[in-house]
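Engineer: Guided by the hints, dock chain B onto chain A, whose structure is given.
Line by line, the protein sequences are chains A and B.
Residue numbering for the first sequence follows the numbering used here, starting at 1 and increasing by one per position.
Residue numbering for the second sequence follows the numbering used here, starting at 1 and increasing by one per position.
Among these hints, one or two may not hold up.
Stated by the list, open to error - Here are the simulated lysine-lysine pairs, DSS-like style, with alpha carbons at most 30 angstroms apart:
#1 A/K631 to B/K637
#2 B/K197 to A/K631
#3 A/K362 to B/K530
#4 A/K637 to B/K361
#5 B/K362 to A/K637
#6 B/K637 to A/K197
#7 A/K362 to B/K197
#8 A/K530 to B/K356
#9 A/K361 to A/K197
#10 A/K530 to B/K631
#11 B/K361 to A/K197
#12 A/K530 to B/K621
#13 B/K362 to A/K197
#14 B/K362 to A/K530
#15 A/K197 to B/K631
#16 A/K361 to B/K530
#17 B/K631 to A/K637
#18 B/K33 to B/K547
#19 B/K530 to A/K637
#20 B/K637 to A/K637
#21 B/K197 to A/K637
#22 B/K361 to B/K631
#23 A/K125 to A/K33
#24 B/K530 to A/K356
#25 A/K361 to A/K631
#26 B/K530 to A/K621
#27 A/K530 to B/K637
#28 A/K530 to B/K361
#29 A/K361 to A/K637
#30 B/K621 to B/K530
#31 B/K637 to A/K362
#32 B/K621 to A/K637
#33 B/K637 to A/K621
#34 A/K197 to B/K197
#35 B/K197 to A/K361
Since the hints were made in silico from the structure, they are not lab data.
There are 2 protein chains.
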Amino acid sequence: MTAIGVPLVTGSVGLLFVLLLVREVLRSDPGNKVMVQISEAIQQGARAFLKREYTYVSILVVVVALLIALAPMLSGNPDLPLGWRTSVTFIIGAIVSALAGYIGMSIATRANARTTQAAVNGGVKGALGVAVSAGSVMGMSVASMALLGLAIVYWIFKEPVIVNGYAMGASLVALFARSGGGLFTKGADMAADLVGKVEAGIPEDDPRNPAVIADNVGDNVGDVAGLGADLLESYVESIIASMALAAALVAGAAVKDQLMTLPFYIAGAGIIASILGILFVKAVGRKNPQAALMGGTYVAAGLTAVASFFIIRMMGSDFTIAGKTYGVMGPFYATLAGIASGVIIGFVSEYFTSGKYHPVKKLAESSQMGPAITVTTGTAVGMESTAVPVLVLGVSIIIAHHFAGMYGIAMAAFGMLATTGMVVAVDSYGPVADNAGGIAEMAGLDPHVREITDNLDAVGNTTAAIGKGFAIGSAAFAAIGLLAAYMASANIQVADMSDPKVMAGLLVGGMLPFLFSSMLFQAVSDVAFKMIDEVRRQFREIPGLLKGEALPDSATCVDISTRGAIRGMIRPGVMALVVPVVVGLYDEKALAGLLIGAVVTGVVLGIQTANSGGAMDNAKKYIEEGHFGGKGSDAHKAAVVGDTVGDPLKDTVGPSINILIKLMSVISLVLAPLFMRG
Amino acid sequence: MTAIGVPLVTGSVGLLFVLLLVREVLRSDPGNKVMVQISEAIQQGARAFLKREYTYVSILVVVVALLIALAPMLSGNPDLPLGWRTSVTFIIGAIVSALAGYIGMSIATRANARTTQAAVNGGVKGALGVAVSAGSVMGMSVASMALLGLAIVYWIFKEPVIVNGYAMGASLVALFARSGGGLFTKGADMAADLVGKVEAGIPEDDPRNPAVIADNVGDNVGDVAGLGADLLESYVESIIASMALAAALVAGAAVKDQLMTLPFYIAGAGIIASILGILFVKAVGRKNPQAALMGGTYVAAGLTAVASFFIIRMMGSDFTIAGKTYGVMGPFYATLAGIASGVIIGFVSEYFTSGKYHPVKKLAESSQMGPAITVTTGTAVGMESTAVPVLVLGVSIIIAHHFAGMYGIAMAAFGMLATTGMVVAVDSYGPVADNAGGIAEMAGLDPHVREITDNLDAVGNTTAAIGKGFAIGSAAFAAIGLLAAYMASANIQVADMSDPKVMAGLLVGGMLPFLFSSMLFQAVSDVAFKMIDEVRRQFREIPGLLKGEALPDSATCVDISTRGAIRGMIRPGVMALVVPVVVGLYDEKALAGLLIGAVVTGVVLGIQTANSGGAMDNAKKYIEEGHFGGKGSDAHKAAVVGDTVGDPLKDTVGPSINILIKLMSVISLVLAPLFMRG
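Bound-form chain A, shown alone (with noise of 0.2 angstroms):
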């Protein structure tokens, strides 16, 4: 086949795979009216909310795609190789990520009333088996189209400075889907716990608290739609660096267009691979849920480091970059040093924010002291967490460097995102488990139901976390692959630290993941005010509504979550935006300088905030579980402020600065001819 070909019929494959999915979700029994009624509020305020985050998006789409239709007039350099092809292929990258979150996002939210009616029906044997589909539909609908999307792309224009604007329009996307949707989603939750659990003393997911429906919402828009835009852009932006890489950098015409292709061959075999390993998890998932998440994943990662090795023996050959020649199989460890860290990056964080190990208990512990120092051990223990991680990270580069020169530093990420549909799929499994407990209790089911649920629920949890691992591993070698490709498109030989336009802009980008945070969070506090007041009002003015006899306006603050999601997007998303812009159009060398910046600090404060609030969540589930004076005592008070300060920490901010030094480093690849001197 050739090298359209495989990513063309596997692509084709894969969504084949999805409609198959999304009929056995889809016939599955939607449980009784409550539970009904209660489903289709969640895709009621998951549709609007999605409806008007893409109305937007779509404005800033049209905007940039005429900006760059129009550069080389607005630039007088009439040569300049942007304009409305690359326009085109930006389009389209954002239409393909938005899609692929709708499709994901409408079956999850189908989904999740009708686990727990498997549950009710056929207890964990069922409710994995539906919960698992409709995570599969996201994770195969993410890998699928990302790649016939790119595959037809890059069939119709061919030079990659152009296939560039493919990434830039998914990352886009990707920015609003994941911050917008962390921001609609703590803000629900942090209002939800704050008046519902602290003040009016009702318990979690209780239907009489206006804010729990947002919540839900939240966790489809956040979790399911943000996290699959991620990975997509990801998937799309190590394909794009290593065939960026191997354009400009790899000598002889045969040789850099075997590099070229190579990753389509990869990806190929990775959805087939993602395939079989779902399809395990399904047959062998209802005697061991555990074994058979983690099995699957084992069995898509294997299969895949088999098909490359192959693949890799076949068709590559010994390469040259800037005069150095690399072995035919460097590409093929280079990819295994990717998967190595991303396995134990994930495993780091599994460490630092589980119940199991000694940091949360002892975190826990310290909860007996008081909120404050709950708070201050929280945030030391995300700052520990990522020691290791950064250490394998560093390595890894050196490591996969070694083999394969820059080419082989995109090919470490796209090692670890070769079986994306697997690994969103378990992530994606999550969030329909704890939607359907959610479910389960606000229609009153049998308490039994719910620990069905909640046993789905954590069993993804050591999966989910390689999942995280691999998200951060790959973001962060994604973008030093995307600035590598990016100085190799403007042309700057060396980027030397010791220019001070080069150190100017390393410090200016790290500081730009603390700056960007800080208005998420204000941001999400914004959100959580004003939904706070809201909850407070109805409980004060609609009659018999704590006492259960009224129901909750659920749709008001699924239209606040949504409003101020969208709002709170405008600062960061613009300086995301524009910041590369303006330094790019001063001085190529210092926005390389900002781009590793941003990489250094947004890896590091990534793993902090997501880890701090992964730990302080669990340490409240730890004390819940009895220990420490379990629920209702002072430490359980102390922790629930942690869970509530690391909500915003693990869902909002951390996720989001990936998508920040993404997008901002593949912006700069795609106006690096604007940026050249001439």
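Structural biologist: Below, chain B alone, put in the same frame as chain A:
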């Protein structure tokens, strides 16, 4: 006068001035018996801490000195330009810093009750005089002794590669003084607040609280001795970096010599200008203390700038670095860029942390939503506050480099530090006034006295903010200057960011400030834990303590803080010492990357933590002034949690990060010969 004559004479004049100030402080009325007792308890505690700290530091200094002396033998390279002479300068640097800290703290702890008594006898007038004199003892000791020591070392050894050891000695002591002091003071402070204010419901600084003396000792240990050692280090390092860069980079022996000795002349002018500034404060202060402190700072800075102008004009000439020729006045413009950035950073810090402006008011308002939102908003404020300072640093780097190359960056640092004597005087004045207030409280004096001292304390805050800006800005410039000197010494022509080892170094370096901070957070929590237990035990077991009928056992609390601070220093101290050595031995370019990575995140994280902490502190004070319900309201309770979270951020972690990046840079500079590839 010769290049050595100027620092010897001005340093001696500075020391003479210190003697006069000491005499003035010791001659003033020490107050009544109770006040003397309290003051003596603080003196004893401070002495006990310093004694134990210095014992451990001397062991470390001896070990490191031995290793440096034996380095040529151990490395099997007898020509290595390390050895006993570098050991000697290293030891002298350590002794000078330790001695300056000892003198400053001895007088500060003797001046506290005297300031209280002066407030009783002579109101604002008298109290200001004593407190300013005491602060000036610390400030002028730092500047005079550092300069004298450096001049003598330079006179004897001449070669920069040996003189560098002096800076490393000062840096090592600074790490322990700053971090150890920060751990001491905040462990005690957090415990005093949590058990005293929150649990027992007794006011701040209440004599019944066993941790209060430790808290007051901590103010001196951290804010006087720690700050002094910090700025002493920056002062020495900016001179050393200027000298090392001039020696390594400037073409032509005569011009090289001029530029190497230039900082000595400016430093001499700075000392005389600081003396005049202090005299200005003492002359004018009786009418308007705020204007006097600010005026004195301006007088010192202005005189130094004018003197620098003439010195550079008279003794300088055009000079050439790496083929590029810079004008004679280049270093002058570079120092101006440094001063301007320091002032701007200081004002930005003030804006984000003072109750007078929007950010803290909004933070106080958000406290109404509970402790979680307070901490989240406080974090956001600190993050936002990094933007302008980092931008300003970036621009100043470009400007300073434009006018005087890399030499200009070191001179920009020195521009902020030439008036160290004045800056430290104003900064140390605050804790003396603060302690004086504590003593007024504990001694049960008329509330009017406390009002005077509180007012004095508040008056110094704006001026101190500029000092903080200088500390942060100069640390960044000094670290970059040292890094450039390291690269020159290690014969690194280019540290290209797309070199994988540099890139890995950047990432790992970027992680170190986070890891270092996590260690300090954990240490401060450990101290607070133990202290909380002890205070609870004393309230429980000492009969009549809470009724005020029995005295608390303050000495045990001081001992807990002392032991905890020393123990807590081991891990971060070892990390700061060992990591650059290990990485340098692996690859000298990876070390360059590591140092820059650490500077990038260190600067940003340092500003964020300091300002988050400062904002949360002042939001609490703002509420205590009667806003949003005032003392005892829910908003106030939330703000107290925020303040407690902020305490270690602003006084332990934030300032220590400055030292970390400087210490790692200076170690690299000293050991550069060891890392060079044969």
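Engineer: Which numbered conditions among the earlier hints are violated in the structure presented, ordered from lowest to highest?
Structural biologist: When the structure is compared with the hints, none of them turns out to be violated.
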